[in-house]
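Peer 1: Protein chains in written order, with my numbering: chain H, 1 to 111; chain E, 1001 to 1120.
Residues from chain H that face chain E, not an exhaustive set, calculated with beta carbons under 7 Å: (1) Leu-43; (2) Leu-100; (3) Glu-104.
Per label pair, the in silico range of CB-to-CB distance: (4) H:Ser-80 <-> E:Arg-1043: 20 to 28 Å; (5) H:Gly-40 <-> E:Asn-1067: 24 to 32 Å; (6) E:Asp-1081 <-> H:Asp-54: 39 to 47 Å; (7) H:Asn-26 <-> E:Glu-1061: 21 to 29 Å; (8) H:Leu-27 <-> E:Ser-1042: 15 to 23 Å.
Treat the hints as calculated values from the structure; they're not laboratory data. All C-beta atoms, glycine included, are put in the ideal place defined by N, C-alpha and C.
Below, each chain spelled out in residue letters.
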Amino acid sequence: DGGITQSPKYLFRKEGQNVTLSCEQNLNHDAMYWYRQDPGQGLRLIYYSQIVNDFQKGDIAEGYSVSREKKESFPLTVTSAQKNPTAFYLCATSGIGGELFFGEGSRLTVL
Amino acid sequence: AQTVTQSQPEMSVQEAETVTLSCTYDTSESDYYLFWYKQPPSRQMILVIRQEAYKQQNATENRFSVNFQKAAKSFSLKISDSQLGDAAMYFCAYRRWGSAGGTSYGKLTFGQGTILTVHP
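Based on the provided sequences and hints, a complete structural model is requested.
Peer 2: This is how it looks when you write it as structure tokens:
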């Protein structure tokens, strides 16, 4: 099936640890995005990538890092520098029509 | 910078009735896209409807339609014959048309969301 796969769905992290969220797509889309969702707030853009080996900071990039070594993959690392990482993280791609296609999300909880 | 505002944190509707969710946005662009996304309890984001700003005709997808008022920068979603499965968080989103200066053309700006409850 074509789509976007995020893993893991649930992740627990101790303070001071880095964790990496995986995002894989087989839609052959060039652009990929990471959004963060907190309760009572909309989605906020963390990082995005329009092409392999290139990415840009979004609105809330501090404490996060990404890589784009393959078209299909756009992993997000939540570093220890992120002060409040507990949130729901959504990966997305964009197609020709401009809309975003989303994965099922990953819930990160800091213990 | 573009902003999207949804002024209704929560709305409710009786099954089979009609409800309208409001959205306003701020932009200096003349060409852009607008979207409504639905996020049910599963948290999967689902595209409901899209509107290109250059089109005067309001978009319609089955029971979902929009009222796009470009001059007023308003983009409301009407759900007709509401069903229990329509219960979800609804997000309005804005996207620039094309790309300029390296800005990602696919970058969406979202509103805060409206929680819709459907009563049987």
